[in-house]
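*Asks:* One-letter residues, chain by chain:
Number of protein chains: 2
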Amino acid sequence: MKDVLVIGAGGVSSVAVHKMAKNPQLFGKITLASRRRFKCDAIAASVKQRFGADIDTAQVDADDVDATVRLIEQVKPALVVNLALPYQDLPIMDACLKAGVHYLDTANYEPRDEAKFEYRWQWEYQERFKEAGLMALLGSGFDPGVTSVFAAYLKKHHLDTIDTLDILDCNGGDHGQHFATNFNPEINIREITAPARHYENGEWIETPALSTRQVYNFEEVGTKNMYLMYHEELESLAKHIPGIKRIRFWMTFGDQYLRYLDVLQNVGMTRIDPVMYNGVEIIPLQFLKAVLPEPSDLGQTTKGKTNIGDIATGTKDGEAKTVRIYNVCDHEAAFEETGNQAVSYTTGVPAMIGAALMLNGTWKGEGVFNMEQLDPDPFMDMLNQHGLPWQVRELAEPLRF
Amino acid sequence: MKDVLVIGAGGVSSVAVHKMAKNPQLFGKITLASRRRFKCDAIAASVKQRFGADIDTAQVDADDVDATVRLIEQVKPALVVNLALPYQDLPIMDACLKAGVHYLDTANYEPRDEAKFEYRWQWEYQERFKEAGLMALLGSGFDPGVTSVFAAYLKKHHLDTIDTLDILDCNGGDHGQHFATNFNPEINIREITAPARHYENGEWIETPALSTRQVYNFEEVGTKNMYLMYHEELESLAKHIPGIKRIRFWMTFGDQYLRYLDVLQNVGMTRIDPVMYNGVEIIPLQFLKAVLPEPSDLGQTTKGKTNIGDIATGTKDGEAKTVRIYNVCDHEAAFEETGNQAVSYTTGVPAMIGAALMLNGTWKGEGVFNMEQLDPDPFMDMLNQHGLPWQVRELAEPLRF
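Here the protein sequences line up with chains A and B, keeping their order.
Under UniProt numbering, the first sequence has 12 at position 12, and the numbering climbs by one with no breaks.
Under UniProt numbering, the second sequence has 208 at position 208, and the numbering climbs by one with no breaks.
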């Protein structure tokens with residue numbers, strides 16, 4: 001059994017580490033490190049209490065490549081699972097290259113000072129990982145991650161060609177707060193306030209943020225408003241699904257959430273350029289994060305379910321066909337199992353699964369990989385075994401929008 | 001002609017200094033000091049350009065009593081006009097006592113860490129000012145200030161007794177911004193989000209903030225929603241108008257303003273207790289101030305008028321009587337004259353008038369005084385002469401609420 005080093009100690013990390021420790025047949029020694037070690041220790045205590053398992057903890061500032069290299073050399077893991085902030089992807093990849101270990105993350109790199117969601121920076125590591133004989137697996141969360149594997153699975157088993165793909169992300173949970181984001185408010189609000197972008201006939205089409213709304217009846221959740229958005233997996237799916245004509249990403253938001261966001265944006269609290277305050281540069285969105293509820297604190301009060309999945313159209317044996325595939329995750333059940341609600345759970349479990357498949361050699365390769373490039377079957381099996389069961393069915397017709 | 005030292009360099013100070021310099025028959029040398037001297041220099045440049053007059057500028061941190069004393073000893077004014085932040089009232093009063101000069105302000109002292117609007121702290125200076133043979137004039141702005149003098153004037157000329165007094169503050173201006181406050185956002189939002197309080201039959205009655213709404217048709221502005229609020233002059237008027245049964249304060253707010261305020265309050269951005277951010281304690285409301293438009297920057301775009309005044313009921317020669325008294329001030333005209341819109345203008349002009357009356361000895365005394373304790377007539381005459389003309393008329397009946 002091979003050892004793993006997990007960096008980052010938020011909700012996603014907590015889920016991933018709980019699920020790793022719950023499956024000792026898949027993981028050897030687990031070490032959890034972050035800038036604030038007390039957060040690692042709290043997760044370790046919960047793991048011990050729930051599953052009787054011991055994990056190691058350590059302190060590391062993931063912006064500091066040499067410090068991360070020293071930690072890797074000391075822990076000697078076979079794989080680094082990066083569940084820190086997206087800003088830290090590149091320094092952690094650098095550390096893996098220097099120390100000679102495999103790499104996995106759940107969200108693509110973003111520069112701190114602009115809301116740019118592009119794989120470019122990480123794809124540029126392709127040759128370096130190849131030359132080092134190492135594998136970097138990008139985006140092993142839910143979306144990106146499971147939604148990408150869903151697409152690969154549909155392509156392998158249900159459709160000969162995929163013409164259009166819609167990814168639908170619905171959080172039907174209610175946290176009982178005036179305003180809170182599903183995950184890290186800073187990352188969440190950067191995503192939502194960025195212009196929408198989708199891929200159509202070889203081109204990227206940009207529309208204003210939150211300007212395109214449709215209604216969808218989500219299985220086990222109900223009818224919700226969902227909004228066209230850009231999401232990072234669109235870029236890699238457009239590259240890796242040959243001949244695809246259109247890919248779109250939709251996310252549900254409640255009216256109150258959008259009303260609050262509109263006000264915060266209009267007063268300037270979502271800005272990511274610094275404002276001078278008492279002689280110090282402060283980024284309004286980061287300060288807003290400090291006053292908003294910690295997403296991890298919402299687990300106890302959140303009720304309801306998430307429903308995230310894909311709708312693909314294409315042909316099978318020459319016939320037009322539309323297929324729907326999705327997972328439903330219950331906030332309270334997720335919290336019961338790991339102490340974290342469904343938004344963290346749906347990202348943390350796929351991180352654990354991706355890590356397990358890399359450690360046991362089921363998924364292997366040299367270079368930088370997106371999820372849809374790998375064989376979906378073992379990953380899909382593990383989703384069913386580890387708390388994220390999925391449903392697939394044929395639809396009578398494609399989406400009407 | 002006696003010299004004056006003005007401390008503070010915001011919009012109100014800008015208006016007061018412009019009006020002082022415009023009236024060399026009333027003021028000797030004018031010195032303007034603040035923590036940020038460049039703001040004083042900008043006001044001095046505007047004064048020079050508009051009226052050809054020279055004023056002196058200086059740097060001082062008004063929290064530092066000794067520094068203020070040194071500045072007073074150097075400038076040798078007959079009066080210090082405090083137009084700095086309300087937190088700084090007490091150190092500036094201390095400095096006046098130490099240096100032996102008279103004192104005037106426009107807003108009562110507030111502690112930084114709680115939204116408490118009480119004269120207690122300043123009234124406790126009564127004996128010290130008396131013993132020193134000095135006069136401290138509190139609240140020589142519009143409200144408090146003009147509205148208090150209005151009440152004294154009604155009592156002197158129109159009513160034998162005042163039974164009820166309503167102060168109505170309407171800003172009918174439109175600044176063209178999503179959200180902005182009339183004056184310093186920090187002070188403004190502290191006031192508005194505090195519980196409402198009014199005086200009735202010897203008691204203070206507290207109601208939730210913004211919970212009592214009435215409609216009033218303001219002369220030259222039109223019909224507006226106004227909300228019951230606490231405002232500092234209620235405390236001194238309740239003390240100084242013998243036999244008064246009820247005093248209330250109302251302020252108009254637009255629906256969008258309140259919707260924005262509600263969101264900002266619900267997310268925690270109006271909190272005045274510190275939040276830890278990157279190891280530094282930051283007060284959310286103060287940071288919000290840094291991202292909101294500077295009220296002084298809104299002058300150029302603000303159109304419309306303010307209408308602030310009183311409605312008093314009582315008896316005259318044994319007959320029940322209701323009297324309305326008010327001033328209407330035009331934002332664009334105010335900006336044209338001094339480079340500041342009406343909210344600053346209506347506070348800065350009364351500060352200038354109070355200062356002039358103290359300097360020429362029309363208003364004199366030993367101890368701490370509120371505006372309604374002094375003879376209203378010379379002040380009322382000067383309002384008409386210096387840009388804040390007022391109207392008084394009998395109403396057919398009292399307010400129906």
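Incorrect hints may appear among the rest.
Where chain A lies over chain B, by a calculated footprint (3+ residues, C-beta under 8 Å) [claimed, not checked]:
hint	segment
1	219 to 233
2	283 to 291
From the derived model, a few chain B residues whose C-beta atoms are all more than 10 Å from chain A [stated by the list, open to error]:
hint	residue
3	GLN74
4	GLU110
5	GLU191
6	TRP204
7	TYR277
8	GLN300
9	ASP381
Keep in mind the hints are simulated off the structure, nothing from the lab.
The model shown is predicted, which means the values in this text are computed figures rather than measured ones.
Think of the CB as a built atom: it goes at the ideal place given N, C-alpha and C, for glycine as much as any other residue.
*Asks:* Can you give the numbers of the hints that this structure goes against, from lowest to highest?
*Replies:* 1, 7
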